[in-house]
Structures are given as C-alpha cells and as structure tokens.
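Trainee: In case you want the letters, here they are:
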Amino acid sequence: MTRGVSGRGRLARWWDLVAMLAWRDIRIKYKQSVMGFLWAILMPALVVGAGVAVQYGLGWYAGRQVDTRNLAAVAVKSVPWAFFVASLRFATNSLIANSELVTKVYLPREVFPVAAVLSQFADFGVASLVLIVILAFTGVGASVALVWVPLLVLGLVALCLGLGMFLSAAALFFRDVKYLVDVVITFAVFFTPVFYPVEIFGRHASAALLNPVAPLLVGLAGAVVGGRPPDPGWTAYALGVAAACCAGGVLAFRRLEPWFAERI
Amino acid sequence: MDDTTVAVEHVSKKFRRGELHDSLRDLVPALVRRAVRRTGRPELAAREFWALDDVSFTVGRGEALGVVGGNGAGKSTLLKLLGRILRPTRGAVRIHGRLSALIEVSAGFHPDLTGRENVYLYGTILGMSRQDIRRRFDAIVGFSGLEEFMDTPVKRYSSGMFARLGFSVAAHVDPDVLLVDEVLSVGDLVFQRRCMERMREVIRQGTTVLFVSHNLRAVNDLCSRALLLDHGRVTAAGAPAEVTQAYLLASLAGRRDVDGRDAHIARITVRGADGPRTLFQAGERAWVDVELAARTACERLSVSLVVQDGNAQQVFDTSTERLGQRPIDLQAGGIFRCSVQLDLHLAPGTFHLGAILKRYDIEREYDRWAPAASIVIESDRDVRGVANLYPRVVAFEPGPASPGSGRP
Chain A
1 MTRGVSGRGR
11 LARWWDLVAM
21 LAWRDIRIKY
31 KQSVMGFLWA
41 ILMPALVVGA
51 GVAVQYGLGW
61 YAGRQVDTRN
71 LAAVAVKSVP
81 WAFFVASLRF
91 ATNSLIANSE
101 LVTKVYLPRE
111 VFPVAAVLSQ
121 FADFGVASLV
131 LIVILAFTGV
141 GASVALVWVP
151 LLVLGLVALC
161 LGLGMFLSAA
171 ALFFRDVKYL
181 VDVVITFAVF
191 FTPVFYPVEI
201 FGRHASAALL
211 NPVAPLLVGL
221 AGAVVGGRPP
231 DPGWTAYALG
241 VAAACCAGGV
251 LAFRRLEPWF
261 AERI
Chain B
1 MDDTTVAVEH
11 VSKKFRRGEL
21 HDSLRDLVPA
31 LVRRAVRRTG
41 RPELAAREFW
51 ALDDVSFTVG
61 RGEALGVVGG
71 NGAGKSTLLK
81 LLGRILRPTR
91 GAVRIHGRLS
101 ALIEVSAGFH
111 PDLTGRENVY
121 LYGTILGMSR
131 QDIRRRFDAI
141 VGFSGLEEFM
151 DTPVKRYSSG
161 MFARLGFSVA
171 AHVDPDVLLV
181 DEVLSVGDLV
191 FQRRCMERMR
201 EVIRQGTTVL
211 FVSHNLRAVN
221 DLCSRALLLD
231 HGRVTAAGAP
241 AEVTQAYLLA
251 SLAGRRDVDG
261 RDAHIARITV
271 RGADGPRTLF
281 QAGERAWVDV
291 ELAARTACER
301 LSVSLVVQDG
311 NAQQVFDTST
321 ERLGQRPIDL
331 QAGGIFRCSV
341 QLDLHLAPGT
351 FHLGAILKRY
361 DIEREYDRWA
371 PAASIVIESD
381 RDVRGVANLY
391 PRVVAFEPGP
401 ASPGSGRP
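If you're matching them up, the sequences are chains A and B in order. The first sequence lines up with residues 1 to 264 when you count with the working numbering. The second sequence lines up with residues 1 to 408 when you count with the working numbering.
The hints are simulated quantities; they were obtained by calculation from the structure and are not laboratory data. Beta carbons are placed, not taken as given, at the ideal position from N, Cα and C, and that holds for glycine. Among the clues, some could well be false.
Said to hold, decoys possible - No farther apart than 27 Å at their CA atoms in a straight line, the calculated lysine-lysine pairs in the DSS-like style are these:
no.	chain 1	residue 1	chain 2	residue 2
1	A	Lys31	B	Lys155
2	A	Lys178	A	Lys31
3	A	Lys29	A	Lys178
4	A	Lys29	B	Lys14
Said to hold, decoys possible - Here are the in silico distance ranges between beta carbons for each label pair:
no.	chain 1	residue 1	chain 2	residue 2	range
5	A	Leu46	B	Val28	49 to 57 Å
6	B	Arg384	A	Leu42	51 to 59 Å
7	B	Pro153	A	Leu151	36 to 44 Å
8	B	Ala92	A	Leu251	23 to 31 Å
9	B	Ala92	A	Trp15	40 to 48 Å
10	A	Phe191	B	Ser56	22 to 30 Å
11	A	Gly9	B	Pro153	44 to 52 Å
12	B	Arg84	A	Gly139	53 to 61 Å
From just these sequences and the hints, can you work out the full model?
Mentor: Below, the structure written as structure tokens:
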C-alpha cells in the first residue's frame, strides 16, 4: 500500500512549517497594505530617518558638521535594530495570535516564534538590500571586515530567537507581558547605541555594551562603515549571551509547552 | 504482527477550574499577599475535576472506533489527548504511525489568503509536504467542488464553503491514524454524503479512524466498534448499534418516578426481526414491546404509541383502542404485555418512540413515557422530512408532461 505522504524526517516537516507560517505572515502583511513590498523598507527607513535627525540635532548642538560616515553608521545600526524590535514584538505575540492552531492541531509549537522571527528577517533582508545600494552609491563599505557581518547578524538572530521563544511562552501565560515588552523595547533605544556612537557614554561605555545588542550593532557599524573587525572580547560576550539566550529560550519553551493548550 | 495502532492505557485527565492568574498584574499582588499574610486565609482552592477517568482501549489497524457521549462526557478531551494537544495526568497514550486530526477544520485557514494559498497552508499544517500538496491539489479542489473560487480570499466564502475546503484538505492527508471530531455536519447533504464516502474509502485503505460524533447514524454507519463515554468514564463498548442504543437509553430514560402511580409503563423496547436494535432500514418492520404494571386494580386502560422526530416533534400516534383492541383490565400487582408491529416508512434520521397509558373512556392519563427509545432510520432514497414516499423519477426529458402524469 502506498502511503501518499512520504515518510520525511521531522526536521523537514519542521522546516516546511516554519517556512509556510513565515510565508503566510509575509503574504498577509503585503496583501493588506497598498504599499506592498515598500512596507518592508518603510519601518527601517523611518528608524534610519529618526537616527539621522538625532545625528543632525547632536551635530548642531555640538557645533560640529555631520559627516556621511556618521550618518552611514546610524543607518547600518538602525536597520538591524528595527529587525530586533519587530522580531521581539512579533514573536512575543506569535503563540497568542495562533491560539486556534495551538489548541486544535498538534504542531511543534516552537515553529510559531521561529516563523515570526523568520518573517521579520525577510523584511530585514529587503531593507538591507536597499541599504547596500545606498551605501554603494555613497562609496561607503567594501572592506575585508565585511566577513564579520554574517557572524554578527547570526548573533542578532540567535538573540531574537531565544528571547522570542521565552517571551512568546511568557505572554501565553501572562497576557500583560506583551505590554511590558512594548514598553521596554520603546525605551531600549535610549540605552542602546543605535542613534549615537557608544563613545558618547564616555567612562560608562562598557556598561552600555553589557546590553548584548550593543556590541553587535557597534560591530556591524564598525565593519561596514569603518572597515575594521569588531572588538573580539565584546563580540564574544554578545555571541555568548545570544547562545545562552537561545538555549535558555528553548529549554523554557520545552518545559512550558505541555501546558500551552490548557492555559492559552 | 501487532496490529494495534492506538493504545490508550488507564488515561486520566484532570482539569483545574478556579483562580488562575493570567496576567502579571494579578499574579504579583497575589504573590505579595501570600508572602505578607502567611497565616491568612488560604487562596481559594482550585476546583479540580476529572475530564477523563481511567480510560483504556485499543484500536487496531484499519478499524474505525466511534466515540459517543453527551456534552462534557470527555470526548473532545480524549481526542486532544490522542492528538498530543493535551498531556494525560495519568496513564499513557501510544500511537503507531502518522497521526492527523480533523478537529475543527477552519483552524488552519487565514481569511485574507485565497483558497489556493490556504490549501497549501492548511496542508502543511496537517503534515503534508509541498510536493504532496501539489500532487493532490486537483483532487482536493475537485472534492471540495470549489474550482471557481480558488483565487478568492476565503473571507468571501460562505461558512459552508469554508468548511468544505477545510475538510477536503484534511481528507487527503492520508495518515495512519485519523481523528475526526464532528466535522461531517458541515456542508449540504450532498457534501455530507461525499464526506461519508471519503471516510469509508479512508477506512478501506487501512487508516485507523477515531470518530467522535453526535450523529449516531454516522457512527453506526462508519464504525466497526463504538465507545460510550459518560462523565469521563467508559460506560459501554462494543458493537456500534448496542453502544448507541445504550447511549440513547441512558440519555432518554431520565429519572422516572412511578411510585405514586396506580399503573405505569414498566418497559419499552424496540426490536427488529432479529431482536432489539436501533438501526432500521426505511420500510423495515419493527416491533415495539410495552410492559405495563399496576399497583392497584385499574380498569379500561389503553396504550397509545407515539413517534417523535429528532427534534421531539410528534409525527405519529396510535392507540390500542383505535386499533380495535379491547380495554385492558389490570389486577393489583398485575403485569400486561402489549406488542405493536410497525412498518417504518420513515425518512432517514433519528426518531424517538414512546407510550402513554390512558383510561379508555374518561381519558385519564396514568403514565406517559415519551421519548423512551430511539431508532435511526436509513434509506437508499435521499429524502427529507418525516414520511418516506420512496420517490422514483420515471420521466426526465424535454417536452410537455404526458396526459395523466400531471395535474388535471
């Protein structure tokens, strides 16, 4: 007797699900908006715009000229930051938004936060492409240090995945986690060197770098705009935190998963 | 070779109802309160109840097991445990092979996506790969009968179309074990029939099916075995006809208080030529046995027999008096048996039978027991209503009606 559905591995099925759910989210987002694909670059563009405005403001206050490199650095940090923020928001909501599926069909539930991060990563990809084109025109970038970019981005994605899994489970049990995440994320931009260089913190720069996103963003800006490799110590620290986040997120998620359908 | 595909071993599931903190805003003050007032009034004890209590059964390959029971009997909990959506508090559920659940077909759909996109989305959720879906796409769409609507967002679908497409996807997953929860009630009659055929086909192909339904006819029709759940316990198991009968009797025969009556109806049974049963073919002959018992001497009694449709509307009645029988006189402590033969020219569906015990001349009612038993009628003619007139199309062509075939 032929079983129509081929006996594929769990991993293949898992990936099919993640890809399909991410595709669904992307498709819906672009379907609902008249702007279509432009939507992917609008949010990062706004964040970059805000960053540039801050730069001009600071420059005017300090009586300095704003140079292209500073603006480019702000842009290079803003786009991944926008991805980080959107991923966390979206992932936090992912289980609640799919409560029908959580309670009705058995799926490995971690596909929801993972797909949420993946769909945001697609936006990030589009925005990055636009940014690359702009940077190429302004003559910034292109150095050997670019080899560090994938590692730094990977760290950021790992951080999003770990936090996303943990927060999605937390939001399922406590509905106000969502609002807490919103508030924290909104203020986090002030404590993360996105719109300004980390040196602005002076003596306390290392305190600012304890935020694991900071070394990644600073490293990215340095690699893309400054053409220098990221600081090994801080990068290792950020990657370590990201890995720990991932492991912790997965463990917490697995621990709590049996109760999802009952408590949602 | 061990043919058991589903094994449920002493499974119990406890649910907690009561104070649940579902926001930090509630939880934090509650924790603080608990910490501050150690000796204070304890938190309201969470009310616990067993949704399933020590349930065990096995299902073999290619077998179809029907699960019946009233609301809150634990049927859905059982399916969710089998589907790994919930985890049992005690006991174990073992499933060999790929499992797919057909539980509320709309769960996987997104209203903004088109029919085509939703087929892929829902198919993936149910465990098909992209190639599987592509290969079966035409079969799925053909089954649903929604070919023209594949590029329409499903939010524009009627609820029937929505459910049809959902069932069509789920019916083509081809798992080893299929859980079905009350989905055959969707769509029109034609689609329901197609669903039944598809289910039969799936069972024939060797898929194990667990079928939860309030549609006893479908359970009788599809399943080789059935299980009756009542308040989380298995109260009957065996042939579907017996189990559905037990279910109907349990649900119908509420507490009957016969203590104060001078005479009462002690028993009502429906049987076919081969003995008591619930499933009859339209036009088949059935016998209703009514047993009367008297506490004091009663005179001039007659028995009325009533038939109600599935919605408890009375659609037929007769009485021994009108059938020309002599009045019944009962001694104190006397017992009387009356058996009525019926030809069941009824439309397919569920019907309830009952009896009324009356005095022949002054219409005094001694006892009324209706509904007392239920029967399920099957017919090869798809007719609706109550009566079965066995329609047959004898002319079906262009042209005027021939003389004598239409109205004068």
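Trainee: Taking the numbered hints from earlier one at a time, note which ones the structure violates and give those numbers from smallest to largest.
Mentor: Result: hints 4, 5, 9, 10 and 11 break, sorted rising.
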